[in-house]
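A.B. asks: With chain U fixed as given, assemble chain E onto it according to the hints.
Chains as they are written, first to last, in the working numbering: chain U, 49 to 376; chain E, 19 to 354.
Keep in mind that the hints were calculated from the coordinates and are not lab data. Computed from a predicted structure; not experimentally measured.
Pulled a few chain U residues facing chain E out of the computed Cβ check, cut under 7 Å:
id, residue
1, Glu95
2, Asp239
3, Val240
4, Leu307
5, Val311
DSSO-like cross-link-like pairs, simulated, lysine-lysine; straight-line CA separation at most 27 Å:
id, chain 1, residue 1, chain 2, residue 2
6, E, Lys280, U, Lys248
7, E, Lys136, E, Lys219
8, E, Lys152, U, Lys318
9, U, Lys248, E, Lys285
10, E, Lys28, E, Lys104
11, U, Lys363, E, Lys280
12, E, Lys328, U, Lys318
13, U, Lys254, U, Lys187
14, U, Lys305, E, Lys280
15, U, Lys175, U, Lys131
16, U, Lys318, E, Lys280
17, U, Lys254, E, Lys285
18, U, Lys254, U, Lys363
19, E, Lys34, E, Lys301
20, U, Lys187, U, Lys225
21, U, Lys187, U, Lys175
22, U, Lys254, E, Lys280
23, E, Lys219, U, Lys318
If you anchor each label on the Cβ, the simulated ranges turn out as follows:
id, chain 1, residue 1, chain 2, residue 2, range
24, U, Arg154, E, Glu129, 33 to 39 Å
25, U, Arg154, E, Ser53, 38 to 44 Å
26, U, Glu354, E, Glu162, 30 to 36 Å
27, E, Arg126, U, Asn348, 36 to 42 Å
28, U, Ala207, E, Thr347, 40 to 46 Å
Ideal Cβ placement from N, Cα and C applies to all residues, glycine included.
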Amino acid sequence: MGDFLPRTLLSIRDLRVYYETIRGYVRAVDNVNLEIYEGERFCLIGETGCGKSTLALAIPRLLPPNARILSGSIMFKNIDLLKLSDSELEEIRGRDIAVVFQNPMRSLNPVLRVGPQVAEPLVAHFKTTWREALVSAIKQLSRVGIPDPELRSRDYPHAFSGGMKQRAMIAMMTTCKPSLLIADEPTTALDVTIQAQVLKLIRELKDEYGLTLLLITHNFGIVAEMCDRAGVMYAGKLVEVSNVVDIFESPLHPYTKGLIECVVARKKSKLRLSQIPGAPPSLINPPEGCRFHPRCLYANRKCVSEEPQLIEVSKGHLVACHNYESNR
Amino acid sequence: MRLLEVRDLKKYFEFKKGILSKPQYIRAVDGVSFSVDRGTTLGVVGESGSGKSTLGLTILRLIEPTSGTILFNGRDVIRLSEEELKWFRRSTGIVFQDPYSSLNPRMRVKEILERPLKIHTDYDEKTCTEVIVKTLEEVGLSEEHLMRYPHELSGGQQQRVAIARAIILRPLLVVLDEPTSSLDVSVQAQILNLLLDLQSKHGLTYIFITHDLLTARHISDYIMVMYAGKVVEYSTTREIFTNPKHPYTVSLLSSIPIPDPKLRGRKRIEVTGEPPSPLNPPKGCRFHPRCPYAIETCKLKEPELLEYSKEHLVACHRASELDFTELLTDITSFFA
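Extracted from the complex, chain U is given alone in its bound form:
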């Protein structure tokens, strides 16, 4: 990002998103604050059920019906997305904010041909004629690396392989040149060589269109390869935010540290890995105080009773831990 002052594209304040279930409220996102700057590549990392997808999908309000946004604001280009009506939001979705999901089969319509699906955002947002939109769609399909795009645009999604479906999905989501692209585990369902191809495509499109990228992943390798800054989530909370080099080289939160040490690649083979004991807590009844304290080796009395706030401890490095000083 250099020395110039980065401009904020998205600002999330005190966001709480709970899911209503028969066993009680699942506190998936609990008072999260986050800034995302224009043109950056930001990564949300965390384990299953930590709330990373809920946080990301709350931005375009694409949450399941039992989700309740209880408080907070999401400012996108000075508009509070949470205050918009559904029809106002529809104008932004797909045009300014686009989402690529993990499972492309579930996000493409199986009974429509691929071409028209990729063309649809143009027709919906820019009142382009279908004929023109289809021409652009074919161009976009070729841009994302679909061979014979003219021919393949007449196929149904089932005729596409997993990697091609994800490419088609990316074509659809970038055809309006959005300013924010949210990619929720876009390569988790793909093979390694295909994953590398798709990640490269996302990087290229980001540069070409000047997108801001919000990537959600549980893979630290992808974080290292794709992002400028990263935020680590644990049990509905953001516990650390920093530039990507510091996340790997000088993490401050014990959870981030533990995860980095778990990453297999760092150890010589056949040695025991360091491990975080236990498993993530239930979000219906999360632990009091710091939510990580039952698994934390450094927890003391304060951690059990008082919840740590996410504070900036050095330039651009935020952490929510009472004992971060001793973790340096």
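C.D. replies: Just chain E now, with coordinates in the frame of chain U:
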């Protein structure tokens, strides 16, 4: 000492498009040979559709091979008598990727672990429970989990139960089919540690099937890379990571996202396209349509798996002339 020897193993699945059409064959495993020594771990690495899971199931005779030989402790697994097959079942175990779907949801942990004991031993009720509790403790669970149902356990605990079931009869060989892929990073580390502990304690032999090279590297002594039903490279883990010879292995190494932001701009070979359909694999070398180093010979002649150096086998026509050392400097120094 050699525990398992597999020679020219083939497994073809018949596939018919319609009732009247001529059957086609999916060549899932197509002429695979390798051996595993007692107490070591062989990592089998490949992308989806490479035949690695079919290989695991065929070795244990959970599906019947189309042809080939499997020697386990010197005995031909395919020609075992009923009595001997029972011995073979007792001496082998398997752990699958998804622990929840591999545990019967209607059985308690105790009943799940009792089954192998009831079938293969004549222990009385009391001894059974003792053995079960002892095995549970070995895998990091305890007596309190005895009466639980699988859905009451976390993913990591379920996988521990599945591992307990696989080792309760003290088998010689355990096939681990992506045992950590469905688990979170922190839980993955716990399970890998457990597997290493059990191996050193009981001298177990593992065949570890995975699509994740980094996990394979961590747990394996030897790595076998598969592509479209064939073995393309086999060597020690160290050699595979520092001196790979097959372009496919090199492209896999280039493709893994490495958890170090400084290696972002590293040199890589990028393969285009996708793995071939197993119904109709390419002629010649099966990797040639995606290989940046392919020459005319590769399109015509199928390369054999040949010894490149001691304990290093490669199936590539150009193995002796291609040199990836410079290309891989960044990665090899990371793994050194």
